[in-house]
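In case you want the letters, here they are:
There are 2 protein chains.
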Amino acid sequence: MTLDQISTPAALVDMSALRGNIARMQTRMNALGVALRPHVKTAKSVPIAALQMEAGARGITVSTLKEAEHFFAAGISDILYAVGMPPSKLRQAASLVQRGCALKIIADNADSARAIAQFCSENAVKLPTLIEIDTDGHRAGVLPESEELLAIGRILHSAGVLHGVMTHAGGSYACSTPEALAAFAEQERSRCVRAAQRLREAGLPCACVSVGSTPTALSATQLDGVTEVRAGVYVFFDLVMQNIGVCSNREIALSVLTTVIGHQKDKGWALVDAGWMAMSRDRGTQRQACDFGYGQVCDAQGQPLEGWIMESANQEHGILAHRAGATADVAQLLPVGTLLRIQPNHACATSAQFPEYQMLEAGAVKTSWPRFYGW
Amino acid sequence: MTLDQISTPAALVDMSALRGNIARMQTRMNALGVALRPHVKTAKSVPIAALQMEAGARGITVSTLKEAEHFFAAGISDILYAVGMPPSKLRQAASLVQRGCALKIIADNADSARAIAQFCSENAVKLPTLIEIDTDGHRAGVLPESEELLAIGRILHSAGVLHGVMTHAGGSYACSTPEALAAFAEQERSRCVRAAQRLREAGLPCACVSVGSTPTALSATQLDGVTEVRAGVYVFFDLVMQNIGVCSNREIALSVLTTVIGHQKDKGWALVDAGWMAMSRDRGTQRQACDFGYGQVCDAQGQPLEGWIMESANQEHGILAHRAGATADVAQLLPVGTLLRIQPNHACATSAQFPEYQMLEAGAVKTSWPRFYGW
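If you read the protein sequences in the order shown, they are chains V and Z. Per numbering that gives the first Met the number 0, the very first residue in the first sequence carries number 0; after that it's consecutive. Per numbering that gives the first Met the number 0, the very first residue in the second sequence carries number 0; after that it's consecutive.
In case anyone wonders, no lab produced these hints; they're calculated from the structure. Some hints could be false.
Once the Cα atoms are required to be at most 25 Å apart in a straight line, the calculated BS3-like pairs of lysine-lysine come out as [unchecked claim]: (1) 125(Z) to 88(V); (2) 88(V) to 264(Z); (3) 125(Z) to 365(V); (4) 365(Z) to 65(V); (5) 88(Z) to 264(V); (6) 65(V) to 125(V); (7) 125(Z) to 88(Z); (8) 125(Z) to 65(Z); (9) 88(V) to 65(V); (10) 264(Z) to 365(V); (11) 88(Z) to 65(Z); (12) 125(V) to 88(V).
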């Protein structure tokens, strides 16, 4: 199919950019001597995860047990569920393990650890658990120097399920220079390795030291003591990553194909049939150096139209405007029926709005790949 | 099922609030002497639309042709597609009409109108079209006093498809007093009726005069000259509507059930397994009188926990905090495993993240109702 045969809005994935992004990250991890465990929450698509595995990934990271079920059913068995485990989800996790899934879970507090240890003992099941380490204060985890780290370690070890430590340097999204990013990556590495060292010094096992975020994975200069890296959004990249400085605009593999449906000529607006339902409500570039509104406008070939952004959005309406205001006859420039592509702020959020990806290769869509959602 | 048997996060719908919201709007429209054409984009669920039709709705409004296909297949045939029609979608619209769907479409510019008229003539099909009127400058539409209104009217009439006028007072979302809302509703009514009058004075037919938004529908004191009202979010209501003043907190029918997974005690945070993937990235209350972050925290019974909001969110992590800061021992107050409900900023955006609704009646979930998505 050519683009004008596709019903809009649609999620387009540029195969060449996708393959390049996968190769770039894998090559980098190979050079740094660590395993890559991609976070498949970004694309939630079996054929895309398959490309990552073929390129050399060792296992995957998931953000929901539904993802674990889905990818395990598709043949991927080495899975880390990277969200803190409440007692109510232990039965489903154990069921995956009993069916042969090498599922790992995480915990960052003694209450969760006790529930895991007790469940494993009572049900004669092993749920290998990583202790989540807080290396930047942005979300979950225990501090590397805390007493709680050792307490959690002892509880998990008593049930034979202490597998290691993990952290996610989500705070790296606030960086925007190579120097700041490299320093953040080193902070993530050193604090997580320090937590592993403290566990080992206390006589506790720590086989796995898992770190990662797309910005730090692409900025680390060395990963001594780390066994694996997790990263997700690099598979598509997006405008947030471009602003952070870890990808070029041409590496953004995901865009939303849309059609011009009208104008407000006095205001210089073109209205399109992709609103926030298609782009998501993510305004991730709002507080970055360059605010792209709801996305960068490109022509149908994917070439950015300099200065044109999706300025605002309703559910199924996007309002496109030039940063400079109403300077041209917008209805002549972008007449009704014009096909455009909008690059997203945040690929994880935008892709989540679509049941499928239109896979674009050499200017044509030859296939669509499914994406799932929900819990 | 009791709530603790439901996998979290989950979209809960309180049946009693839902029925009350549907009855309230229908009763109001009956009293004002106009037809109600609910916008089903909010819930995208056949059984919910069926409740609206049973209550007295005459037809539905949709935001995508997929919704039109889906609800037509479910037996609802009087459908208004309320997004401007590009030429590329005419074939699908015509196919619906040829299968017996009483589909209406809209246009707000001469180019679209010409494409519609030409398509209808060439294909011997009638696509009844409403001209979209701009009554508040917030998005699409032609001005009631414009020459373009009559030009579009003539083009559509030449193909025998001019059905009337429609407007959506989306600008009413910026109001927050009953007086401002009533004035906005009257502006919406009077400007749309004026457009109808101008068409009729020019010898053009205008059978339908369609207005609506939830805030104006609930604030209009008279609707003379209007034939139907469209409204969507009232079916669930949300915190944005509460801030505007058109619903009480107890009328909010949609919430997200979630589980506490950890804490950052020093910061007073509780972390839950509902992040922005569950709540959506909608921050609709950000610039309103009361900013609820990503939502109001309630206990499992739906009672608001005063001062507790979802302060920030990652994909599958919500960070709950008290507005007053870290004042209590959060791990004692909301221990790991605690079930909570989060009321959303914007029900249309939050509900879109879920494949199904858990229908809550008398404290238990007896059934789940499906929701669809995509285009």
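Cross-check of the supplied hints:
| no. | hint | in the structure |
| --- | --- | --- |
| 1 | 125(Z) to 88(V) | violated, 54 Å |
| 2 | 88(V) to 264(Z) | holds, 23 Å |
| 3 | 125(Z) to 365(V) | violated, 34 Å |
| 4 | 365(Z) to 65(V) | holds, 22 Å |
| 5 | 88(Z) to 264(V) | holds, 23 Å |
| 6 | 65(V) to 125(V) | holds, 20 Å |
| 7 | 125(Z) to 88(Z) | holds, 14 Å |
| 8 | 125(Z) to 65(Z) | holds, 20 Å |
| 9 | 88(V) to 65(V) | holds, 11 Å |
| 10 | 264(Z) to 365(V) | violated, 52 Å |
| 11 | 88(Z) to 65(Z) | holds, 11 Å |
| 12 | 125(V) to 88(V) | holds, 14 Å |
In terms of the numbered hints stated before, the structure departs from hints 1, 3 and 10, listed from lowest to highest.
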